[in-house]
Amino acid sequence: MGKVISVEHLSKYYRLGLVDRRTFRDDILVLWNRMTGKPDPYGRTQSEETGIWALKDVSFEVEQGERIGIIGFNGAGKSTLLKIFSRITAPTAGQIKIKGKVASLLEVGTGFHPELTGRENIYLNGTILGMKRSEIEKKFDEIVAFSEIGKFIDTPVKRYSSGMYVRLAFAVAAHLEPEILVVDEVLAVGDFAFQRKCLDKMEDVATGGRTVLFVSHNMGSINRLCNRAVLLRQGEVTAIGPTAAVINKYMKESIAGEAQYIQEPDPAKPMNLLEASVVNQEGVVGAQFGYDEPVTIRLKYEINQPVRGCYVGIELLTSIGVSVFTTADHDADVSMLEDRQPGVYESEVVIPREFLMPGEFMVRVWIADGFAVVAYERVDALRFSVMDTGTPGSHFGQDSRRSLLQPIFPWRTKGLD
Amino acid sequence: MHNLQKGVMTGKNEGTTQEQPQEVQWWTSVITPREKWYHLRLKELWEYRQLVWLFVRRDFVSAYKQTILGYFWFVFPPILAALASTFFYGNVISLPTDGLPPFLFYMSGTFMFNIFSNSFINTSNVFGQNANIFGKVYFPRLTIPLARVLIYLINVAVQFVLFIGFLVYFISIGADIQPNVWAFMLPVLLLMSVNMGLGPGLITSAMTARYRDLGQLVAFFTTLVTYVTPVVYPLSNVPEHLKIYFKLNPVTAIIETFRYGFLGQGVLDLGMLAYSFTVSFVFLLIGVFWFRSMESTFLDTV
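Residue numbers (my numbering), protein chains in the order written: chain Y, 1 to 417; chain H, 1 to 302.
Bear in mind the hints are in silico, worked out from the structure with no lab data behind them. This list has only true hints and no planted wrong ones.
Below, simulated DSS-like cross-link-like pairs (lysine-lysine); rule was C-alpha separation at most 30 angstroms, straight line: (1) Y:LYS197 <-> Y:LYS139; (2) H:LYS136 <-> Y:LYS158; (3) H:LYS43 <-> Y:LYS138; (4) Y:LYS138 <-> Y:LYS197; (5) Y:LYS158 <-> H:LYS65; (6) Y:LYS138 <-> H:LYS136; (7) Y:LYS132 <-> H:LYS65; (8) Y:LYS3 <-> Y:LYS249; (9) Y:LYS158 <-> Y:LYS197.
My request is simple: use the sequences and hints to build the entire structure.
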């Protein structure tokens, strides 16, 4: 054991404005004007330089065998950190000390050439990623087997289907054996079965004593793969610690007042959705719920002319878009699909307490007529989050349950002797 | 166990004797803002020699797959170029050739000049053309220009065999050609032409990342150089008062020495050759250092 990565006061500054599509002529002109004391033709002076700190004084340490997840919003500095780790760009200040051989995967299939055969591309790609020839030779059969390419190995990859191409590319990457592995979200490749296989392979890598640095938007895979996480916000580390705690903090930060959605009615339409909101048991609109609170989704709509049926529905999705369930008002009352009179209506549905797994959810809402012709729909109308106020899994320290729902079902146990 | 192979020792043992001495850590690598300009990392480049070879193979295979003439592309262009030159410069404009068979004269000139111009043009857009792959993975960037030069050297080998073939033919039909020991300078001349092209190519490559219009100047510039280099005329034919400028052109000595060694005619001037040799290595060094210093921040500018 011991430290294998030490990030010390790492900062990266990107200049904006100065680095644009200027030509050689422009720069000569600027230089000439500066020398002759004339003002800059582009109206910029040295002190006016604007830029952004993509990373500001970032420090953390990683022990051998740890799996660190890097999370944060877009623009938080995740990619910049990854690029510095991969030595694609140099930091502005600070340093990273590394013990051991590093391989970084920002993309699968880097350097693949369509004219070359699968076999040739394995050697090229493997070498680009830092593998020795002998290493590739040793693992060659394993890579081919993993990719499921089989007899097409000597066919130029331009004749491959996109699925085969990605499988081959990932197979090479998966057989890298560095001491430290830096991975971007390259897991979302291929068909579902292959994704599964990749995740399993990643887990193998991670549990094999190797150190892994993983950057992803997918909290599910971060939660599954990493034991510790670093949360970045505008270039600074705002949290570092056990994955579940850091993800929780990230979730809290990501919730912005989207508990109510108001739609401008269109009088020409036979029906309009007016309002959608998430309300708590006191009837107050809010985006934060405890696991032990019911969540009510309330929809207000109007019918402008007599119609044959009018119904509203919602679909609950996780923050990354996985559908949890769908429900509509006619599920419980088929009369909604019969003739409806003009007027303003309000429908609400209650998601019971102790049902949703803590996390972030979004709600898709829609309104449709009796022939299921959707008059209006909004995918990301509402967002709310459920905090862990004591799920069964949380009683055992670090939560290992990863399901979307956490209902409490009755169990019956009896002695058999 | 600490890895003692190529570690950088950090972890200062600071403080007084009262304190526990800090654990000494050995790091395999340290990523810092800017490396010292003189760190060329040649050892690392050597470790990646396999990659250079694979790049050569990749470009070679992809360039000649699915072409009608295939490898004949190596053979035809130099012959056609020499024939065209013989016709236009020799028969239409009637430029003198120091008494040598025009065909061989032009072939020798373009052979050496093309090594320079191709090394220059092929390496002048390395950053631009590889921005995508450079943005995804690290490997010593110098592998790409090196591979480009090596690919052209395959071409050079074929052309050289052709040249020798024609040389033997012309001697056998009784042309006045006297190859001499200076022909053994060939490897040095090759190296000089490559350096002369690679150095400026690396400099331009680093600059085209910032100024896109510079890339278009490269081909134009090399065409201009053709006119002020004795490629299709001998240096002996240049008016005396202009000769000094032609001698200042470092490519001149390479071509004239090559002609002198293989054909027995041309200007052999050791001072000129030494000057050219020095310039070619100065170009190369400036190019390599410049390229290395741009490498780590190049991606921030595109």
